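*Asks:* Work out the full structure: start from the sequences and follow the hints.
Protein chains in written order, with this note's numbering: chain A, 16 to 112; chain B, 64 to 533.
Honestly, the hints are just simulated from the structure, not real lab data. One should not assume that every hint holds.
Which bits of chain B does chain A cover? Going by a derived footprint, with three or more residues having C-beta under 8 Å, they are [unchecked claim]:
#1 119–128
#2 212–226
#3 279–291
#4 297–304
#5 316–322
#6 437–449
#7 454–461
Just so it is clear, the structure is predicted and the values come from calculations on it, not from any experiment. Beta carbons are placed, not taken as given, at the ideal position from N, Cα and C, and that holds for glycine.
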Amino acid sequence: MGGDFVAQLSIFVLAVFVGYYVVWSVTPALHTPLMAVTNAISSVIVVGAIIAVMGSSMGWTKILGFIALVLASVNIFGGFAVTQRMLAMYKKKNKGE
Amino acid sequence: MVNFSALVYLLSAVLFILALRGLSSPETSRSGNRWGMVGMALAIVTTVVYAWWSNATVGLMDLLWVLAALMMGAVIGLTTAKKIAMTAMPQLVAAFHSLVGLAAVLVAAAAYTQPAAFGLLDAKGEIFIASRIEMGLGIAIGAVTFSGSIIAFAKLQGLMSGAPVVFPGQHKLNALVGLLIIGLIAAFCVNASPGTLLLLTLLAFAIGFLLIIPIGGADMPVIVSMLNSYSGWAAAGIGFTLHNNALIVTGALVGSSGAILSYIMCKGMNRSFINVLLGGFGGDSAAGAASGAADDRPVKQGSAEDAAFIMKNAGSVIIVPGYGMAVAQAQHAVKEMADALKAEGVKVSYAIHPVAGRMPGHMNVLLAEANVPYDEVFELEDINSEFQSTDVAFVIGANDVTNPAAKTDPKSPIFGMPVLEVEKARTVLFVKRGMAAGYAGVQNELFYRDNTMMLFGDAKKVAEQIVRAL
Numbered sequence: 016m017g018g019d020f021v022a023q024l025s026i027f028v029l030a031v032f033v034g035y036y037v038v039w040s041v042t043p044a045l046h047t048p049l050m051a052v053t054n055a056i057s058s059v060i061v062v063g064a065i066i067a068v069m070g071s072s073m074g075w076t077k078i079l080g081f082i083a084l085v086l087a088s089v090n091i092f093g094g095f096a097v098t099q100r101m102l103a104m105y106k107k108k109n110k111g112e
Numbered sequence: 064m065v066n067f068s069a070l071v072y073l074l075s076a077v078l079f080i081l082a083l084r085g086l087s088s089p090e091t092s093r094s095g096n097r098w099g100m101v102g103m104a105l106a107i108v109t110t111v112v113y114a115w116w117s118n119a120t121v122g123l124m125d126l127l128w129v130l131a132a133l134m135m136g137a138v139i140g141l142t143t144a145k146k147i148a149m150t151a152m153p154q155l156v157a158a159f160h161s162l163v164g165l166a167a168v169l170v171a172a173a174a175y176t177q178p179a180a181f182g183l184l185d186a187k188g189e190i191f192i193a194s195r196i197e198m199g200l201g202i203a204i205g206a207v208t209f210s211g212s213i214i215a216f217a218k219l220q221g222l223m224s225g226a227p228v229v230f231p232g233q234h235k236l237n238a239l240v241g242l243l244i245i246g247l248i249a250a251f252c253v254n255a256s257p258g259t260l261l262l263l264t265l266l267a268f269a270i271g272f273l274l275i276i277p278i279g280g281a282d283m284p285v286i287v288s289m290l291n292s293y294s295g296w297a298a299a300g301i302g303f304t305l306h307n308n309a310l311i312v313t314g315a316l317v318g319s320s321g322a323i324l325s326y327i328m329c330k331g332m333n334r335s336f337i338n339v340l341l342g343g344f345g346g347d348s349a350a351g352a353a354s355g356a357a358d359d360r361p362v363k364q365g366s367a368e369d370a371a372f373i374m375k376n377a378g379s380v381i382i383v384p385g386y387g388m389a390v391a392q393a394q395h396a397v398k399e400m401a402d403a404l405k406a407e408g409v410k411v412s413y414a415i416h417p418v419a420g421r422m423p424g425h426m427n428v429l430l431a432e433a434n435v436p437y438d439e440v441f442e443l444e445d446i447n448s449e450f451q452s453t454d455v456a457f458v459i460g461a462n463d464v465t466n467p468a469a470k471t472d473p474k475s476p477i478f479g480m481p482v483l484e485v486e487k488a489r490t491v492l493f494v495k496r497g498m499a500a501g502y503a504g505v506q507n508e509l510f511y512r513d514n515t516m517m518l519f520g521d522a523k524k525v526a527e528q529i530v531r532a533l
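*Replies:* As structure tokens, this is what we get:
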């Protein structure tokens with residue numbers, strides 16, 4: 016267990032650094048889509064909700080998991096869709112003029 | 064199979080990193096977003112398949128439960144994403160954050176009610192101590208994210224006043240609740256009792272409310288970014304509990320992303336993060352009195368026709384949009400004006416201050432929606448040196464971000480804030496409803512300059528009148 020935790024912590028710390036460098040390279044013009052998409056991907060928490068729903072018989076665990084699953088799916092679908100919608104609006108200067 | 068699903072989770076995490084990496088330029092952003100979707104689909108399918116494969120008691124009904132929940136989420140999420148106005152994006156993002164926070168709380172609670180299903184029990188049938196800490200932290204951060212985002216949403220949506228709510232002893236109360244939460248997490252590690260966990264959750268909800276109510280509407284960009292960061296840390300916390308690397312990596316990415324955005328916003332306002340968190344800004348205007356004497360100085364006023372004439376005969380125009388433009392829904396009229404000017408051979412570009420709008424990058428999205436090409440839109444550092452060689456700066460719906468007092472008057476509350484140096488342009492056209500001070504409650508010295516012409520009226524109407532006059 017102890018070794019497991021250290022391994023996870025290592026992954027976490029390294030991922031924070033990856034995040035730091037990747038996010039600084041995001042152009043400021045796309046900061047709003049950045050927030051929308053980070054919001055969508057943080058809903059990968061849905062994994063935990065699925066385990067709760069599938070790994071238990073009817074009871075609190077399943078109900079809590081089910082609600083969490085609905086909430087996280089709203090975020091996943093809504094977050095990616097709204098990001099896509101925003102990104103589709105960014106156009107270079109050309110044709111239309 | 065365990066190893067296989069762990070590998071797929073790793074792949075999802077990599078795809079999420081690519082999704083963020085894609086945002087370094089608009090051209091790569093769309094494919095990046097698709098990689099993110101693939102990563103999410105992989106994570107979901109793997110989890111379902113693995114749960115099915117590893118547990119003989121899982122039946123068809125369980126699968127239907129999952130599908131039903133996913134469908135409900137899809138319908139709500141997709142309709143919202145389709146209908147939402149771009150001006151309402153900050154509210155939407157705040158609302159989404161609250162959902163992540165609440166989901167984190169619920170997942171942690173579900174794990175607590177049936178730790179065996181999550182593999183959290185040691186040989187004696189008790190929850191691992193490490194898991195207790197992770198669970199407690201996950202719940203606390205998730206709950207703060209939830210209730211904080213609800214308040215941010217209410218303030219942005221106008222459901223409650225954007226004015227800071229302050230009362231005596233506020234910071235002491237917050238500190239006390241914060242300490243209690245830490246104490247309860249420690250207690251939960253020892254006793255793992257449901258009562259402790261419930262009390263911890265309730266107090267964490269409370270501190271979320273308490274932390275955000277004293278923060279004024281103008282500081283919401285920082286707060287929305289901060290809550291973005293929290294939602295990431297909450298996800299990472301749950302990832303530790305579930306021993307899931309996809310969650311840990313994603314949580315870390317989102318957490319640092321939100322933290323960087325908060326930092327950029329704070330820098331854009333020249334305020335420290337602590338200063339924003341302590342709240343109360345935007346309510347009073349102590350220093351306003353200093354410049355108050357200047358109020359009855361004359362200003363030069365012009366009509367839309369005058370503005371059209373000046374801009375038509377200019378070589379270059381820089382448009383400085385602010386949130387006021389978005390409120391008046393004037394972005395399309397402004398785009399038309401820019402097109403008409405370009406037809407006259409005028410070089411048009413846009414200058415965006417980091418804190419224009421109500422969330423990071425908000426103004427860029429609003430301009431993109433009005434079909435303004437993104438290569439005509441520039442950030443503060445990139446365009447500030449251009450003003451001195453520009454004929455006309457056209458300020459619409461912005462105020463504080465152009466105030467030269469931020470550079471010259473150490474007494475001003477916005478002193479030190481980076482500003483767009485519009486006063487260096489040959490002529491400044493300032494579209495404004497009236498002479499009222501900006502969000503920070505500061506008079507703008509710019510109005511009284513010789514090279515400034517005020518265009519009073521609604522941003523959209525003024526822009527439309529100029530289009531007609533061109």
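*Asks:* If a hint holds in the structure, say so; if it does not, say that too.
*Replies:* Against the structure, the hints:
Residue count for the segment 119–128 of chain B with a Cβ under 8 Å from a Cβ of chain A: 5. That meets the three needed, and the coverage hint holds. Figure legend: the segment 212–226 of chain B, annotated as covered by chain A; annotation inconsistent (0 residues with Cβ-Cβ distances under 8 Å, at least 3 required). With 3 residues having a beta carbon nearer than 8 Å to a beta carbon of chain A, the segment 279–291 of chain B meets the requirement of three or more and the stated coverage holds. Counting residues of the segment 297–304 of chain B whose beta-carbon sits less than 8 Å from any beta-carbon of chain A gives 7, enough to reach three: the coverage restraint holds.
As drawn, the segment 316–322 of chain B meets chain A at 6 residues by the rule of a beta-carbon pair under 8 Å; at three or more, the given contact holds. Coverage of a stretch by a chain is defined here by at least three residues with a beta carbon nearer than 8 Å to that chain's beta carbons; for the segment 437–449 of chain B and chain A the count is 5, and the condition holds. Under a criterion of three residues with beta carbons nearer than 8 Å to beta carbons of chain A, the stated coverage of the segment 454–461 of chain B fails, only 0 such residues being counted.
The structure shown violates the earlier hints numbered 2 and 7.
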